[in-house]
Amino acid sequence: MLAKDIIKPENLVYQKTKLMTDNVLSYCPGCGHGTAHRITMEVLEEMGIGDETIGVAPVGCSVLAYEFMNIDMQQAAHGRAPAVATGIKRCYPEKFVFTYQGDGDLAAIGTAETIHACNRGENITIIFVNNGIYGMTGGQMAPTTLPGMRSSTSPYGRDVNLMGNPLKMTELVAQLPGTSFVSRQAVHTPKHVRKAKKAIRQAFELQKQKKGTTFVEIVSNCNSGWKMTPVQANQWMEENMFPFYPLGDIKVPE
Amino acid sequence: MAKVKGAIVIDYEKCKGCVICVAACPTSVIEMAKEVNSKGYNYAYPANIEECTGCNNCAIVCPDGVITVYRAKVEA
Numbered sequence: 020m021l022a023k024d025i026i027k028p029e030n031l032v033y034q035k036t037k038l039m040t041d042n043v044l045s046y047c048p049g050c051g052h053g054t055a056h057r058i059t060m061e062v063l064e065e066m067g068i069g070d071e072t073i074g075v076a077p078v079g080c081s082v083l084a085y086e087f088m089n090i091d092m093q094q095a096a097h098g099r100a101p102a103v104a105t106g107i108k109r110c111y112p113e114k115f116v117f118t119y120q121g122d123g124d125l126a127a128i129g130t131a132e133t134i135h136a137c138n139r140g141e142n143i144t145i146i147f148v149n150n151g152i153y154g155m156t157g158g159q160m161a162p163t164t165l166p167g168m169r170s171s172t173s174p175y176g177r178d179v180n181l182m183g184n185p186l187k188m189t190e191l192v193a194q195l196p197g198t199s200f201v202s203r204q205a206v207h208t209p210k211h212v213r214k215a216k217k218a219i220r221q222a223f224e225l226q227k228q229k230k231g232t233t234f235v236e237i238v239s240n241c242n243s244g245w246k247m248t249p250v251q252a253n254q255w256m257e258e259n260m261f262p263f264y265p266l267g268d269i270k271v272p273e
Numbered sequence: 495m496a497k498v499k500g501a502i503v504i505d506y507e508k509c510k511g512c513v514i515c516v517a518a519c520p521t522s523v524i525e526m527a528k529e530v531n532s533k534g535y536n537y538a539y540p541a542n543i544e545e546c547t548g549c550n551n552c553a554i555v556c557p558d559g560v561i562t563v564y565r566a567k568v569e570a
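Chains A and B are the protein sequences, given in the same order. With this note's numbering, letter number 99 in the first sequence gets 118, and the count goes up by one each step, no holes. With this note's numbering, letter number 52 in the second sequence gets 546, and the count goes up by one each step, no holes.
One or more hints might be untrue.
[Unchecked claim] Mimicking DSSO-like on lysine-lysine, the simulated pairs with C-alpha atoms at most 27 Å apart in a straight line are:
1. K528/B to K23/A
2. K23/A to K497/B
3. K270/A to K217/A
4. K533/B to K35/A
5. K114/A to K217/A
6. K27/A to K567/B
7. K270/A to K230/A
8. K497/B to K567/B
9. K23/A to K567/B
10. K210/A to K497/B
Quick caveat, the hints were computed from the structure, so don't treat them as lab data.
Based on the sequences and whatever the hints tell you, model everything.
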């Protein structure tokens, strides 16, 4: 059977979800943001809640998330996405609200908002994409940069005596009583994408049950910031990021 | 026994040539083209389409979501 005989609408098994717009993503080739966007939208499509969901876009590489996600979106000031999401959720308690943030946004300038939103147990879902660097502004050191990792502001590697230790936001919020589901996932291989999608699905299901804040971290690559090819960056991530940021569910509801 | 055969369609203009799908494909269907698209990227194309099983792996790791997958049962 030839490929042209297989390419028919009745044989379709996978195509880009309708909740992603047709705009070309503004991310670098191989960036995990695109996959993270897509699986989030696929979860909303599968749950049939695309019309009832409001997303909050951050500042950072994913500042234009509202251009790509074909749902209602609001763009927040730097780091303030959980605060904006709190307001939206309190005005519309029946809507699904999520924030989509990077590590420079959530773990640096937005630490207070994130921790307090999680501590209050706001019924929102936070999707946290951690690539250990400020990707948009040129690869500066972020709070999540690994010890010894090179960035444009730590060219000899992060020295923990001088620059402090990396911040594990996910472990931090898992300790708070307001969170119900805290998980760390990745999106660089098919296996990890499937697991990450499952975690995001669970986060939205728990939001539906009003269980409190759900938090999903996605460890991602930044091949431009790390100065590697996408495949090398994914390999480097497996070898260096995963020992420090171990994948798996950190807090699940009883 | 019925065999499962697949086929993929790649939107060459939107492909950014990140090669992640090539690494994810278990049957080495995808290769990078020597030609470039209008953005200047060497796009991915299904070079050995007869090997495709329609497993979806390339499509779900594609950051830009440019791959569409089809699958059909073929009587051997």
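Here is how each hint holds up against the structure:
1. As the CA atoms of K528/B and K23/A are separated by approximately 23 Å, the hinted pair is consistent with the 27 Å bound.
2. For a cut-off of 27 Å, the pair hint linking K23/A to K497/B stands: about 17 Å separates their Cα positions.
3. Note on K270/A and K217/A: the hinted pairing holds, with a Cα-Cα distance of about 15 Å set against a maximum of 27 Å.
4. For the given pair, K533/B sits about 21 Å from K35/A by alpha-carbon distance, which is consistent with the 27 Å threshold.
5. About 21 Å separates the Cα atoms of K114/A and K217/A, which keeps this hinted pair within 27 Å; it holds.
6. Between K27/A and K567/B, the direct Cα distance comes to roughly 13 Å. Compliance with the 27 Å bound is thereby established for this hinted pair.
7. For the given pair, K270/A sits about 13 Å from K230/A by alpha-carbon distance, which is consistent with the 27 Å threshold.
8. Of the supplied pair hints, the one linking K497/B and K567/B holds, its CA atoms being roughly 6 Å apart against a limit of 27 Å.
9. Of the supplied pair hints, the one linking K23/A and K567/B holds, its CA atoms being roughly 14 Å apart against a limit of 27 Å.
10. The suggested pairing of K210/A with K497/B holds, with an alpha-carbon distance near 24 Å, which does not exceed 27 Å.
Checked against the numbered hints above, the structure breaks none of them.
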